[in-house]
Amino acid sequence: MERVVDPATKVSPLRKQSEWIGFGIMAAVLLIAPFVTYPMFLMQCLCFALFACAFNLLIGYVGLLSFGHALYFGWASYLAAYSAKVWGFPPELAILTGTLTATVFGFIAGSLAIRRQGIYFAMITLALAQMMFFFAVQVKFTGGEDGIQSVPRGHLLGFIDLRNETAMYLFVLAVFLGGWLFIRRIIHSPFGEVLKAIRENEPRAISLGYKTDRYKLLAFVLSATLAGLAGSTKALVVQIASLTDVNWPMSGEVVLMSLVGGLGTLFGPVIGAFVIISMQYKLASLGEWVLVIQGVIFVACVLLFRRGIIGEIANYFRIKL
Amino acid sequence: MFQICLPVFLGGKCIVSAALFGQLLIGLINGSFYALLSLGLAVIFGMLNIINFAHGAQYMLGAVAAYLLLNYAGIGYWPSLIAAPIIVGAIGIAIERAFLQWLYKLDHLYGLLLTFGLALIIEGVSRHYFGTAGLPYSLPDSLQGGRNLGFMFLPNYRAWVIVASLVICFGTWFVIERTKLGAYLRAATENPNLVRAFGVNVPRMITLTYGFGVALAAFAGVMAAPIYNVSPNMGSELIIVVFAVVVIGGMGSILGAILTGFGLGVIEGLTKVFFPEASNTVIFVIMAIVLLVRPAGLFGRRA
Chain G
1 MERVVDPATK
11 VSPLRKQSEW
21 IGFGIMAAVL
31 LIAPFVTYPM
41 FLMQCLCFAL
51 FACAFNLLIG
61 YVGLLSFGHA
71 LYFGWASYLA
81 AYSAKVWGFP
91 PELAILTGTL
101 TATVFGFIAG
111 SLAIRRQGIY
121 FAMITLALAQ
131 MMFFFAVQVK
141 FTGGEDGIQS
151 VPRGHLLGFI
161 DLRNETAMYL
171 FVLAVFLGGW
181 LFIRRIIHSP
191 FGEVLKAIRE
201 NEPRAISLGY
211 KTDRYKLLAF
221 VLSATLAGLA
231 GSTKALVVQI
241 ASLTDVNWPM
251 SGEVVLMSLV
261 GGLGTLFGPV
271 IGAFVIISMQ
281 YKLASLGEWV
291 LVIQGVIFVA
301 CVLLFRRGII
311 GEIANYFRIK
321 L
Chain P
1001 MFQICLPVFL
1011 GGKCIVSAAL
1021 FGQLLIGLIN
1031 GSFYALLSLG
1041 LAVIFGMLNI
1051 INFAHGAQYM
1061 LGAVAAYLLL
1071 NYAGIGYWPS
1081 LIAAPIIVGA
1091 IGIAIERAFL
1101 QWLYKLDHLY
1111 GLLLTFGLAL
1121 IIEGVSRHYF
1131 GTAGLPYSLP
1141 DSLQGGRNLG
1151 FMFLPNYRAW
1161 VIVASLVICF
1171 GTWFVIERTK
1181 LGAYLRAATE
1191 NPNLVRAFGV
1201 NVPRMITLTY
1211 GFGVALAAFA
1221 GVMAAPIYNV
1231 SPNMGSELII
1241 VVFAVVVIGG
1251 MGSILGAILT
1261 GFGLGVIEGL
1271 TKVFFPEASN
1281 TVIFVIMAIV
1291 LLVRPAGLFG
1301 RRA
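First to last, the sequence lines map onto chains G and P.
Quick note on numbering: our numbering labels position 221 of the first sequence as 221, and the sequence is numbered without any gaps.
If you want our numbering, it's the 1-based position in the second sequence plus 1000.
A couple of the hints might just be wrong.
[To be verified] Now the in silico label distances, taken between C-beta atoms and shown as ranges: (1) Ile1015/P - His155/G: 52 to 60 Å; (2) Asn1229/P - Gly287/G: 19 to 27 Å; (3) Thr1132/P - Leu93/G: 37 to 45 Å; (4) Ala1094/P - His155/G: 53 to 61 Å; (5) Tyr316/G - Trp1102/P: 17 to 25 Å; (6) Leu283/G - Tyr1228/P: 46 to 54 Å; (7) Tyr1104/P - Ala300/G: 13 to 21 Å.
[As the list claims (entries may be wrong)] Calculated lysine-lysine pairs in the DSSO-like style (CA-CA distance at most 30 Å, straight line): (8) Lys1013/P - Lys140/G; (9) Lys196/G - Lys211/G; (10) Lys1180/P - Lys1105/P; (11) Lys1105/P - Lys196/G; (12) Lys85/G - Lys140/G.
[Claimed, not checked] On the chain P side, residues computed to face chain G include the following (Cβ under 8 Å): (13) Leu1024; (14) Tyr1072; (15) Leu1139; (16) Ile1240; (17) Phe1274; (18) Phe1275; (19) Glu1277; (20) Asn1280.
In case anyone wonders, no lab produced these hints; they're calculated from the structure.
Glycine is no exception: its CB is placed at the ideal position from the N, C-alpha and C atoms.
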């Protein structure tokens, strides 16, 4: 990969610091949070937060809208659950199996989808995800409508019992923070700068000699892999892998989380995931109205708050993200 | 009755002719819905530069409108076939005025996200009132029964659906490609500012185009009501298949959208006969192959 160093776009030290401060606050809050609310709820939020961050890597930094990220999340969750339950894999290997599945699917789907731009890209990713949804309905090992239930959490590295809620929480938190830092590293790397160049003006990036298709594919695979990491972890947390995770509404939900929090921001998808999951918990009794409320949030975000929560706050305080 | 067999290298499966033609008929029916919906998507995309994710929901609204008209106003199938598209088309116009018109200067993606939100709202509301189970809608009396063609039994209603959608599809093609109104439309698609300079009210044309595209979807919905049950979920699964159809055909050509729609319906029907387990996925597989061989789509122009 070629290196891009342009002194004009160098990140100011203050901004870099503010990201670390933000990270510190986030980590501290998440460490204290289980004393305030249910760890189970928090763990689910963390998995979706990582999922949304992975999705945001594509839409926010390469400008590619994938409407099929449930494919990687759901299939990774199936493979992690299956390998833990049937093959008796320890948790770290089960998660690795799920994540690698997502990498492979991401490579295949990505190589097809990047052949078309813009709106077609979204439709292709959605169609491929739907195809794999039907496949998940038909093959035996996914358990059809029942899904894969009572997945054992097992012992991490052979000696940490993950049935202990605190151990599990710390493990999920570590996975989430690790994933977040990895995404941050990608975005601030020379590779990330090329991605942003593609987002701003792809023909220009091509004319500068970058093979943009390769960059887009790699970004797609990375995003799918991280979505898979989130899905595999989720399978161990809730101990179920089901069709809900691979179906299209899941793809829509992750779009909503990122949009609500703020596309193209590091903390936005995290906030968005917490907001949307809390909303689903609080409003669960309202039945179908949850769908309607989600729709209304979509419409409101697109028409009124395109920057999302984080983006609007940053804009108010004139912080450049 | 006679038997038709696949070549050995494809599995050598044998099928009775009636089953084959029966599935072909179902394929043509599905194909006519694919064609009507992808035609509407293409027309809307051409003028508004927006992919209308709510298209499936609006198709469902057409069926629901027909159901409500029948059960609460006593209005039968034939008047509904006109009334439901007008009602849903009017809703579409309201949607365009209220929401979509603010998005034309933004990235295409926002249009997709907004219409996705609208689809969720429409689907959620109808699920709340009608549940997820399908509601029955009976065949109109005039189209009950069918005729025996010798090699298969052809229900009258299904024949009507195929003929009607062919007429609507080619009617739309004729209006867009062969009339003065169509010339305005195509010109406004190409260069809206220039057309406005000639004194044509382009914003109104855009609004009406969206209304027309939505009405097409509702029309398909009314026709689908007696075949499938009227259910809030009927649109969302169909729209994803239609997206694949649109990717395969490309949205550049009206005739292309029609041909791809019918063609894929037939292929899906044939798959149901010979490889039933692949019938859900065959259109997506074809999409993947087309992307490999002809990335711009069968009728698409290279961007």
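Each hint, compared with the structure:
no.: 1; hint: Ile1015/P - His155/G: 52 to 60 Å; result: holds, 54 Å
no.: 2; hint: Asn1229/P - Gly287/G: 19 to 27 Å; result: holds, 21 Å
no.: 3; hint: Thr1132/P - Leu93/G: 37 to 45 Å; result: holds, 39 Å
no.: 4; hint: Ala1094/P - His155/G: 53 to 61 Å; result: holds, 59 Å
no.: 5; hint: Tyr316/G - Trp1102/P: 17 to 25 Å; result: holds, 22 Å
no.: 6; hint: Leu283/G - Tyr1228/P: 46 to 54 Å; result: violated, 31 Å
no.: 7; hint: Tyr1104/P - Ala300/G: 13 to 21 Å; result: holds, 19 Å
no.: 8; hint: Lys1013/P - Lys140/G; result: holds, 24 Å
no.: 9; hint: Lys196/G - Lys211/G; result: holds, 14 Å
no.: 10; hint: Lys1180/P - Lys1105/P; result: holds, 27 Å
no.: 11; hint: Lys1105/P - Lys196/G; result: holds, 21 Å
no.: 12; hint: Lys85/G - Lys140/G; result: holds, 15 Å
no.: 13; hint: Leu1024; result: violated, 22 Å
no.: 14; hint: Tyr1072; result: violated, 21 Å
no.: 15; hint: Leu1139; result: violated, 30 Å
no.: 16; hint: Ile1240; result: holds, 5 Å
no.: 17; hint: Phe1274; result: violated, 16 Å
no.: 18; hint: Phe1275; result: violated, 12 Å
no.: 19; hint: Glu1277; result: holds, 6 Å
no.: 20; hint: Asn1280; result: holds, 4 Å
In terms of the numbered hints stated before, the structure departs from hints 6, 13, 14, 15, 17 and 18, listed from lowest to highest.
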